[in-house]
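Colleague: Taken in sequence, the protein lines are chains S and C. With the first sequence counted from 1, adding 277 to any position gets you the numbering used here. Under the numbering used here, the residue at position 37 of the second sequence is numbered 19, and the numbers go up by one with no gaps.
Computed list of lysine-lysine pairs in DSBU-like fashion (alpha-carbon distance at most 30 Å, straight line): (1) K(-9)(C) with K366(S); (2) K(-13)(C) with K21(C); (3) K21(C) with K637(S); (4) K(-16)(C) with K21(C); (5) K311(S) with K366(S); (6) K637(S) with K566(S); (7) K366(S) with K(-13)(C).
Here are some chain S residues pointing at chain C (derived, C-beta under 10 Å): (8) N577; (9) V579; (10) V582; (11) A608; (12) T619; (13) R626; (14) A630; (15) L631; (16) D670.
Just so you know, the hints here were simulated from the structure itself, not pulled from any lab data. Fair warning: this is a prediction, and the values are worked out from it, not measured in the lab. Beta carbons: idealized from backbone N, C-alpha and C, even for Gly.
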Amino acid sequence: MTILEVAQELRARRVSSVELVTAALDRIGRLNPKLNAFITVTGEAAVRAARQADSELASGRARGPLHGIPIAVKDLFLTRGVRTTSGSKLFESYVPDHDAAVVERLAAAGAVPLGKLNMHELAYGVTSDNPHFGPVRNPWDTARSPGGSSGGSGAAVAANLVYAAMGSDTGGSIRVPAAFCGTVGLKPTYGRVSRYGALPLAWSLDHMGPLTRSVRDAAVLLNAIAGYDRRDPASSRHPVVDYVPDEGCSIRGVRIGFAASFFERVSEDVELAVRGAMAHAASLGAEVKPVTVPDLAALNAVGRVILMAEASAAMEPYRERRQDFGADVLALLDQGRLIPATDYINAQRLRRALRREFRKVWREVDCLMFPTTPHTAPRIGETTIHFEGQDEDTRLAATRLSRVFNVLSLPALSMPCGLSSSGLPMGLQIVGPAFEEALVLRVGAALEDAGLGIPPCPI
Amino acid sequence: MKDWKGIAKAAAPDIPEADVHRILAPLDALEAAFRPLVKNLPPDLEPASGLDAEEEGE
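Isolated chain S (complex conformation):
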């Protein structure tokens, strides 16, 4: 069931929040030993919150579609009184005294948090093979990675442990696990959702957003968490709208662009699925047409220089604790320390130039469609992917089509668009101009209404 469906059941008193939470906690008890999606489960607090939600609903004080719904957040969102590790040994005993902005907003919307989700160490990677808390496993095939860094979020939503989860995305960390786990994942425009109280990886690239089982559910979450927050210096005052697409929404006449470069070094299964989704959109009346976009390789190089420099700066206070970092994260932090300041500044200059260039795309089309990742979930520990006779680092391949939109700060939705020949989920990415989340979600919802998607995860 989706959030919107179960919310109707709650409002009609056909099910209670306590029943939903108890069922979710039972399922977590059974499946978390296999998936390792949660670092911390806050069962007792969840049951108390569910009782409160039931009481409010019974007295007619409904707070909206999230009221009484079990959710969870990635373990980099500060939670008052609940340990927040960021998947790192550095913070293994850190108990914050306040909540992150999105945690506050979800609580205000009545959502019931069940705990803190496992992730790639410090959100700095895409495998979620965490050296301190153990690897998260993909519910579709537990020998495979769920992607990352919000791997626990993707696994928990796909395995039906929670109805929605919060993630963060610095180079694809919401969208990659969404694609690998067969969920929806939304990276909103930079500044749309407050970063306050989320442990940072790279300040100018970090975005916060939801992972859900449907496009409309992602919109429900965005309605709850979007908006200005003076505590986040990058927070935008751009007006917030109702992001939930209407039932039967149309995409007739919407101009959808694609470029040949979106399909370079992409697996055959993924290309077929994404081209199928584009054909689906065309059959619904969208105008699907080729466009020229700026160099994706340049955008990736710029993004990696910015990421490495900012992440190493953020972790500077901990640089003497080398033994407390996993090998892959330590190597990235070491690289960032050797990047000259001139390169960081020039990367930010290039970023401005590439953004200007990219804005021209929106004169020709309303949104873009292409794969979220070039391949399906790799096996845990698999470090190399083979494309067209060439080897590519799994981490770089997985983020090649997503990091671009962290650099450009644009809203990007990943939604399931099929299963590969080996039965693994594949993701379609829909990207729009800044602050056009409503359009991106409408396109996704129209495709979902028309049958694009995958069956529930069989775990």
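Since chain S is already given, all that's left is putting chain C on it; use the hints.
Modeller: Okay, now just chain C, sitting in the frame of chain S:
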């Protein structure tokens, strides 16, 4: 390519030599991708920082 070992010795002497060796190839790869992009940047091109809301038409 840059002398990463020399840069590490000067700027980050606490990174053990074996760990420096481990990051040479990825640094070289990034340098190869990035260096050509910064040639001929116009001097009036300023760094971006986050999202420039004014430019985005906010």
